[in-house]
Amino acid sequence: MEVSEQAFQQGICTGMSPAQALARCPELKILHACPDSEQNTQEALLQVAWKLSPKVESPHPGLCTADLHGSRQNPQKMLLEALQTLESLHLRARAGLAPVPDLSLLAAHQARPLLCVENGAAFAASLPLSALTQDPTLLGTLARWGISTADALLKLPRQEVLERLGSSGIALWEAARGGGKRPLRWMQEPVVFEETLAFEQEIEILEPLLFVLNRLLESLLRRMRCTSRLTAGLELELALENRSSHRRAFTVPTPTLDPAVLLGILETHLEQLHLEHRAVGVRLRLEAADEKTCALDLFEPVLRNPNRFGETLARLCALLGEDRVGIPLPRSCHFADSIRLGAASAFYKEKPIPAARQAQPLRGLPLHRLRPAPPARVDFTHFKPVHIASQAVSGTILASRGPYRLSGNWWDSTSRNMEEWDIFVRLHQGIRRGMALARIGTQSTSGQGDAPNTAEWRLEGFYTASGEVL
Amino acid sequence: MQAAFKTKVSAVELAALRAQLSDRFGAAVAGATASARAAAPALTTGIPFWDAAGGLQQGQLTEACGGAADGALLLECILTQSPNRISALVDAADSLEPADWPACCMARLLWVRCKAVKQALHATDLLLRDGNCQMLALNLQGVPERQLGEISGSIWHRFHKLLKHRPSALLVLSPRPLVEGARTRVASATRWDLDSLDTPRSTLRENLSVRVFKRGAGPYVHTNNPASF
Chain Z
1 MEVSEQAFQQ GICTGMSPAQ ALARCPELKI LHACPDSEQN TQEALLQVAW
51 KLSPKVESPH PGLCTADLHG SRQNPQKMLL EALQTLESLH LRARAGLAPV
101 PDLSLLAAHQ ARPLLCVENG AAFAASLPLS ALTQDPTLLG TLARWGISTA
151 DALLKLPRQE VLERLGSSGI ALWEAARGGG KRPLRWMQEP VVFEETLAFE
201 QEIEILEPLL FVLNRLLESL LRRMRCTSRL TAGLELELAL ENRSSHRRAF
251 TVPTPTLDPA VLLGILETHL EQLHLEHRAV GVRLRLEAAD EKTCALDLFE
301 PVLRNPNRFG ETLARLCALL GEDRVGIPLP RSCHFADSIR LGAASAFYKE
351 KPIPAARQAQ PLRGLPLHRL RPAPPARVDF THFKPVHIAS QAVSGTILAS
401 RGPYRLSGNW WDSTSRNMEE WDIFVRLHQG IRRGMALARI GTQSTSGQGD
451 APNTAEWRLE GFYTASGEVL
Chain V
1 MQAAFKTKVS AVELAALRAQ LSDRFGAAVA GATASARAAA PALTTGIPFW
51 DAAGGLQQGQ LTEACGGAAD GALLLECILT QSPNRISALV DAADSLEPAD
101 WPACCMARLL WVRCKAVKQA LHATDLLLRD GNCQMLALNL QGVPERQLGE
151 ISGSIWHRFH KLLKHRPSAL LVLSPRPLVE GARTRVASAT RWDLDSLDTP
201 RSTLRENLSV RVFKRGAGPY VHTNNPASF
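If you read the sequences in order, they're chains Z and V. Each residue of the first sequence is one higher than the one before, starting from 1 at the first, in my numbering. Each residue of the second sequence is one higher than the one before, starting from 1 at the first, in my numbering.
Hints are supplied without guarantee of correctness; some may be wrong.
Claimed, not checked - Covered stretches of chain Z (in silico footprint by chain V; criterion: 3 or more residues with CB under 8 angstroms from a CB of chain V, positions within the stretch not fixed):
1) 146-154
2) 321-329
3) 338-347
4) 455-464
Derived by calculation from the structure, the hints in this document are not laboratory data. The beta carbon of each residue, even a glycine, is placed where N, CA and C say it ideally should be.
Could you put together the complete structure from these sequences and hints?
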């Protein structure tokens, strides 16, 4: 597809088969194309170009043209900075600066690494015709006429070039004159930054995977810095050896360009991840966001470090489970122990969840619920509980309030009938003495509740327990 | 620019200036000119005795010992004082019943539901290191006595160290004194009965019997505030 200058000098040219090329030069190195790397390179090139101007055209991979008209900065300085940025991404590039797009492309081909053209006509005229066109038929015809330079071609009348050589000839004539102005076919700047890497060997432990992710992150963040954007989200996809994949998306609490924060998010997730198959590739995608400016609200509590809080939440979820960390929300039904947990990420959203309105003033002591509620044997006399025996609370029930009956969901299979009592117990559990305020409950799914003495009672929780061990 | 304001002031003039400021602004200047170490910022608790004794000190570990109901009411008082403050509750026994708490407290509360004391201590360690929560409560009420006995004293020492340079306050709710080296210990032993279950919550909070003990170089000393048991 392409040969280096040294290979060309050995007689190797494009279109040859590898066997033919190796026959001419046994020391030849054949580099195989890597589509992922080429895609990453093209994206890096475009992002650097978009930093120069929003009007960017890229007709071929590895080539782009940016319109710098109207820019207040020095174009040469801008191009030099762009070349340095590409150099930091380990990409060698050449740049050409000219009044028209086609001339700038010619200048880029001649640049080492930057060439600025002020007089387009003089520059084009100095070029050999082989730099202006690759058409062998056209070049051959012109060579037979004794024309090998652009200057010589321009001496021919335009009309006669058109009549004898056709459209390709007139295009060459225009290019030799310095090219004409043409509008660029702008490309839409994407807001997604993505890199993919296929591993040479499968990875099954964390450290090498983190090393690779760190490298990808640094490359993506360098590209993102060119666009003056921040990372608001991450998407990680691990390709596994059984052709499946593991995919996970993360939200960054506060958009940032700090690689340590982003790597910390990935590391926290990967530390508790267990996969049955080894990873053979990775795709990392960053969601870009514009930097937001907002006025600090002196009276609204804000997190000191939202990104660190996000990482702490992730570690807590890894330690306890996703459903064990969150904001308690008002329950959606009146059944006992119906809990709703809101996402803790609401703390670092711009508009936090407002507090629910208190339906009515609270009465009584808050209950300490036992989860799971242990079974209890409750003895009733004259439909009042008189004795309880359970693992947590055992003793004589001195006083009770109830029953508090509740039923619901009668329209479907989850219908329930509940009965609860608040009891005041004199504890006598082994050597323990004291008093306890507790709640017991029973639940049935039948239409009518079971008789108290035959129902399955549970110790729902206790309000308080006091006593001493003798 | 600072050099233009440098001027020589005699000691007499300085003393006269301080006296003038003291007369005009009183206690504010007295605190600024005191030679004693500056008091750590404190969170108001809503409990008069406790606030008079300094409140819930940030950067310190405070223990509240007593019954489960007392601990819950103490915590509710603190949370309702500043409902916009970001707080966290590490629930070692997973015993919180959100329906029994004021809605304003729950909106800014991070509830960490643990299954064992070790998980709760680990979670507390993570949240202390995070430093984003201004008030952190570790609820050990309802934890089996065997698990409480397994808590090593070095845990509390580590928490003290973490708190030293962080703007968070850690409140440990325990059935009996557990925390070694707590600067402040709040003891409560209010007697409750079935009638308490029908009493308005605000009345119950007022009926809390609380004693605040401060620790200096020696043992805990009861603060000079009226208490009732």
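These are the hints, each one checked on the structure:
1. 146-154: With 0 residues closer than 8 angstroms to chain V, the stretch 146-154 of chain Z misses the three-residue bar; violated.
2. 321-329: That given contact holds, which follows from 6 residues of the stretch 321-329 of chain Z lying within Cβ reach (below 8 angstroms) of chain V.
3. 338-347: holds (count 4)
4. 455-464: Result for this restraint: holds, n = 4.
Of the numbered hints given earlier, the model fails hint 1 alone.
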